[in-house]
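Let the hints inform the model, and build the full structure from the sequences given.
These protein sequences, in sequence, are chains A and B.
Using this note's numbering, read the first sequence as starting at 1 and increasing by one per residue.
Using this note's numbering, read the second sequence as starting at 1001 and increasing by one per residue.
Be aware that a few hints might be false.
What the hints assert, rightly or not - Distance ranges between label pairs, derived from CB positions:
(1) Leu-1207/B / Ile-393/A: 26 to 36 Å
(2) Asp-1305/B / Lys-78/A: 38 to 48 Å
(3) Ala-1277/B / His-137/A: 26 to 36 Å
(4) Asp-191/A / Ile-1304/B: 56 to 66 Å
(5) Ala-401/A / Gln-1081/B: 51 to 61 Å
(6) Gln-414/A / Tyr-1338/B: 39 to 49 Å
(7) Gln-1081/B / Arg-235/A: 54 to 64 Å
Worth flagging that the hints you see were computed from the coordinates, not collected in a lab.
Glycine is no exception: its CB is placed at the ideal position from the N, C-alpha and C atoms.
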Amino acid sequence: MGRLQTMTVGGALRVAVVLLVPSFSVAQNKNVCLDCHSKLQGSLKVTAEQDAAAVHGHKGMSCVTCHGGNMQDEARAKAAGSGFRGHISREQIPQLCGSCHADVNSMKRFNPSLRTDQLAEYHTSVHGIQFAKGDVHVAVCTDCHGVHEIRAGSDPRSPVHPLNVSKTCQRCHSDAALMKTYRIAATQYADYTDSVHHEAMVVRGDLSAPTCSTCHGSHGAVPPGGGSVANVCSRCHVLQAQFFDESPHKAVFAEGCATCHSSHKIKHPDDNFVSLAAGSACGECHTKDDDSGRVAEAIHGRLHKFEVQVADARVLLARAETSGMDVADAQVLLGQANDSLTKARVRVHTARFEKVNAELDAGSKPAVAALSAGEAAMKERSFRRRIIFVPGIAILAVVLALGFYIRELERTEQGSQRPSEDADRKMAA
Amino acid sequence: MDAAARVQMWIDERLNLQELLAPLREKTVPVHRHSQWYFLGGLTLFLFTIQLCSGVLLLLYYRPSANEAFESVQNITNHVQFGWLVRSVHSWSANLMVFCAFAHMFSVAFARAYRKPRELTWMTGMFLLFLVLGFGFSGYLLPWNTRAYFATKVGTEVPGQLPVVGHWIMVIMRGGEDVTGATLTRFFALHVTILPALAIGMVMTHLLLVQKFGTSVPASVESEWQANPRLRKEIKFFPNFFLRELMGWYVVLAFLIALAAFLPWELGTKADPFAPAPAGIKPEWYFLAQFQTLRMIPAKIFHIDGEVLGILGFGLGGALWLALPFIETLLGTRGARYVRVGAVLALTYLASMSVIGYMAK
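Given below as structure tokens:
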């Protein structure tokens, strides 16, 4: 006591700072909720790691933000007046999440660029409409985003990251028993995994490739109606949609693009798609006896012929290139021919032969030129290989002549040395 | 008297060529079971001459700027009459010259032909090998294709790792912070003026020393000859040995032309400094061992940067190899054995690291 009295004001302040700062930070970090819940099991278990990984934790939110209560003081954790809500039922979830995520002012404080219409969209979705009818089995926010370990959608570990969306949706939509109650097929995910879109997304890692939410929407998820399919596809396949609008199919295809390409199991179409052969798209409705069937056959024939021409040029140029011939200019021509083929394949959506043919005609000149350049390169290669025989034979002749000359030279030298050696020997004798 | 003899007599009267050529006539070359290794030096010289001739022909059309270099090489390959042959022969003979230079060096090391009084012959030969590698490094960039651009970028980064002077050396080599058109001009000047001048001077010195000290006989053969002088056999350098060399050169020339026709040297695509480096970029085969070592060396060895240690190691190895004749003398009676073991280890290291580097992705 005596010592305290002798302390200066400055000294007392320093002691106060030293003692208070750690206690303040301890108070800030204290979380009595986790003290208990980290030891519990099942849905009640929440660990400090989960809390730390969540995007909400990063923004300074904690258990009490959603559940209420007091996380500083164990005795008052669930006390009356602390706003403790305890367990949040599925019925409460959309509204609870929306209390911040639909509030423009709240979101401005944490992430001003995040949209705030998710709850409004949810109410327009099939999930939201069913939910409003009292069906709590449909998806709510936490079914897709997770509960305590919610990560940003851009985090590859998030269930709503583009790479994971289809897996998240299939948790319910591949459940045949659950889907049966809604009279929905449960094969969409299996079909999607067999599609060109899934390959682009998962195999090639192209995050711009379509996944479930790209076509159906995320919070406002609904199946696009037959008339809207073309609109949905045209967001990426702009030209195809434009040419489809010009085609006679536009008026009669009730399911739009899906009529030929299907909806989820969308395969990469090849030129046989436009033919009357078994498994082709055109052959589903047309035969060789109707005019449209004959147009399909004509388009297929023209595409096939051009493709063969381009493939021949490609093989020839590759051969010339591996033989060391420089065919860079011819490769540019081949690229132009390939572009025409691609454009013609897109023009197929007009279902008009003259449109497809016009594109291929534009590509014919570079295709022929590329083939000619390849032939010229191969001819030059043969010339180079033949011409070296001229110096080769000359060199061989010189080498042989040198060999004979050296032999003769050394024989003569030995001959002239022998008499002198014999004389030396005689002298020695 | 025919015209040729009259011209010869006219020249002799003025320059006394016969006297100048007399030592060449008296020069002899030993004949024994290892004599075939004597051809490697002459072969390297022949390939160097081909380099000079084909290089001069390429110079007629080559344009040393980042905008035109690739196109000019493309023009040589595609449009200039027999340009494809000259370019391919230049590239292939460069590689064969490096190979022959290395083979010649190891044959001299194993035969211990660097012994007194030939220490300076060994050292000038080593300097020639460094110059040959300099030719390879500087010439590789000149077509300005993708592979050459990025290999040069990696190659010039290596000395840049050295402490204190590293960055300075790298900037001098590149003519700036990055590999640009300035680097190309610099490498071109080095390739067609500085290095040839140095190489021609060094070749003359090397040949003068070879002429002065004569051809070395391996120690094992020499002891056999001393024990039995009747086994000693020699042939005249001119014309006997020279004609044999000429035969070898013709065979190599035919081989070069065949390589140029059947395996023309690839040009690739024009370098794009803004494009990402292609995967698996590697230097030419004669720098692969060093490249692979730097890839495999740990990041830190005793708190020192691994790459810096590697570069210093190459420098030390090169210096020790250069001083080989003196090291053997310093080591005394065991010197020869240590040098042989060192040469075997060096050859094994270079060969194995090159193979690993070639196989690595």
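Consistency of the hints with the structure:
no., hint, in the structure
1, Leu-1207/B / Ile-393/A: 26 to 36 Å, "holds, 33 Å"
2, Asp-1305/B / Lys-78/A: 38 to 48 Å, "violated, 59 Å"
3, Ala-1277/B / His-137/A: 26 to 36 Å, "violated, 54 Å"
4, Asp-191/A / Ile-1304/B: 56 to 66 Å, "holds, 59 Å"
5, Ala-401/A / Gln-1081/B: 51 to 61 Å, "violated, 29 Å"
6, Gln-414/A / Tyr-1338/B: 39 to 49 Å, "holds, 43 Å"
7, Gln-1081/B / Arg-235/A: 54 to 64 Å, "holds, 57 Å"
Hints 2, 3 and 5 from the list above are not met by this structure, while the remaining hints are.
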